[in-house]
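Asker: Now for the letters of each chain:
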Amino acid sequence: MNNRVRELRAANGWSQAELAERLDVSRQTVNAIETGKYDPSLPLAFAIARLFGEPIETLFNPDA
Amino acid sequence: MARPTRTPHRLRGCLIASLAYLATTGLCVWLLRDVLSGAPSGLRAVVSLLPIIPIGFTIREVLHLVRDSDELQRRIDLESLATAALAVGLACLSLGLLVGADVVEISGKTVLNWVFPALSVTYLAARVRAQRRYR
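If you read the protein sequences in the order shown, they are chains C and G.
Numbers given in the numbering used here equal positions in the first sequence, counted from 1, plus 69.
Numbers given in the numbering used here equal positions in the second sequence, counted from 1, plus 1466.
Quick caveat, the hints were computed from the structure, so don't treat them as lab data.
The beta-carbon is built from N, C-alpha and C at its ideal position, and this holds for glycine as well.
Hints should not be assumed to be uniformly reliable.
SDA-like cross-link-like pairs, simulated, lysine to any residue; straight-line CA separation at most 25 Å [what the hints assert, rightly or not]:
| id | chain 1 | residue 1 | chain 2 | residue 2 |
| --- | --- | --- | --- | --- |
| 1 | C | K106 | G | R1541 |
| 2 | C | K106 | G | E1537 |
| 3 | C | K106 | G | R1598 |
| 4 | G | K1575 | G | T1490 |
| 5 | C | K106 | G | T1588 |
| 6 | C | K106 | G | D1534 |
Beta-carbon label-pair distances, calculated as ranges [said to hold, decoys possible]:
| id | chain 1 | residue 1 | chain 2 | residue 2 | range |
| --- | --- | --- | --- | --- | --- |
| 7 | C | A116 | G | E1571 | 55 to 63 Å |
| 8 | C | T104 | G | A1557 | 29 to 37 Å |
| 9 | C | N130 | G | R1599 | 17 to 25 Å |
| 10 | G | S1573 | C | N71 | 51 to 59 Å |
In silico negatives: residues of chain G with every beta carbon more than 10 Å from chain C [to be verified]:
| id | residue |
| --- | --- |
| 11 | A1489 |
| 12 | L1538 |
| 13 | L1547 |
| 14 | V1554 |
| 15 | V1569 |
| 16 | K1575 |
| 17 | N1579 |
| 18 | R1595 |
Full structure from sequences and hints, please.
Answerer: As structure tokens, this is what we get:
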């Protein structure tokens, strides 16, 4: 699944570690989500969307 | 601060506990065979169960490992535990079939003593592999 997490993280000027801290996950999890190797659970996806202030469907694209 | 990654610390603990288990097992075998051969069965039972102590420590470390992890790490642990359980189970089944066919000869005692170390080592190897996949 494609996502815009890396793009939005960079726009906010956060490192992977900083984003991981805000989401209470490990840096490895953030990296795996950004590279598309891991699709987050629904609660985590909502937490990411809430953090960036974006609707969840604009963050994650299941068709890609 | 981000979720603390205590995985290497916990895995090291598991490895040390597994090595302690092997050492304790060797010590117990020696004690029971050469030192306590004529001792009361109660004392022999206590000595023979000494390896359970490091095993208990291993189980504690694994439980902490899973409890401290986030959802990706839990998935990695689940995959690793499933891989280890299936691999060791399959190895035991294969060994059982070979023993049944008189192709190999191995005592049940030996097999039972090696199940837990085999599970631990296979789990660690599977975990390293799974971790690499999500890197």
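Asker: Indicate, hint by hint, whether the structure satisfies it.
Answerer: A quick look at each hint next to the structure:
Simply put, K106(C) and R1541(G) have alpha-carbon atoms about 13 Å apart, close enough for the 25 Å limit, and the pair holds. Restraint check for K106(C) and E1537(G): the C-alpha separation of about 14 Å stays at or below 25 Å, so the hint holds. Distance hint between K106(C) and R1598(G) is fulfilled; the C-alpha atoms sit about 11 Å from each other, no more than 25 Å. Of the pairs offered as hints, the one joining K1575(G) and T1490(G) holds, with about 16 Å between alpha carbons and a cut-off of 25 Å not exceeded.
Between K106(C) and T1588(G) the CA atoms are separated by roughly 24 Å; this keeps the pair inside 25 Å, and the hint holds. Between K106(C) and D1534(G), the direct Cα distance comes to roughly 22 Å. Compliance with the 25 Å bound is thereby established for this hinted pair. Taking the beta carbon of each, A116(C) and E1571(G) are about 57 Å apart, inside 55 to 63 Å as hinted. Against the hinted window of 29 to 37 Å, the Cβ-Cβ separation of T104(C) and A1557(G) comes to about 34 Å, which satisfies the hint.
Take N130(C) and R1599(G): their Cβ atoms lie about 22 Å apart, and the range 17 to 25 Å holds. Separated by about 56 Å at the C-beta atoms, S1573(G) and N71(C) satisfy the suggested range of 51 to 59 Å. Residue placement check: A1489(G) keeps its beta carbon more than 10 Å from all beta carbons of chain C (closest about 33 Å). Not every C-beta of chain C lies more than 10 Å from that of L1538(G), the closest at about 4 Å, which undercuts listing it as non-interface.
Non-interface call for L1547(G) relative to chain C: holds, since the shortest CB-CB distance, roughly 18 Å, exceeds 10 Å. Every C-beta of chain C lies more than 10 Å from that of V1554(G), the closest at about 27 Å, which supports listing it as non-interface. Distance check on V1569(G): its Cβ is at least 43 Å (rounded) from any Cβ of chain C, clearing the 10 Å threshold; non-interface status holds. In this structure K1575(G) is separated from chain C by more than 10 Å, as the shortest Cβ-Cβ distance comes to about 41 Å.
For N1579(G), the requirement that its beta carbon stay farther than 10 Å from each beta carbon of chain C is met, with the minimum near 35 Å. No Cβ of chain C approaches the Cβ of R1595(G) within 10 Å, the least distance being about 14 Å, so the stated non-interface status holds.
Of the hints listed earlier, the one the structure fails to meet is number 12.
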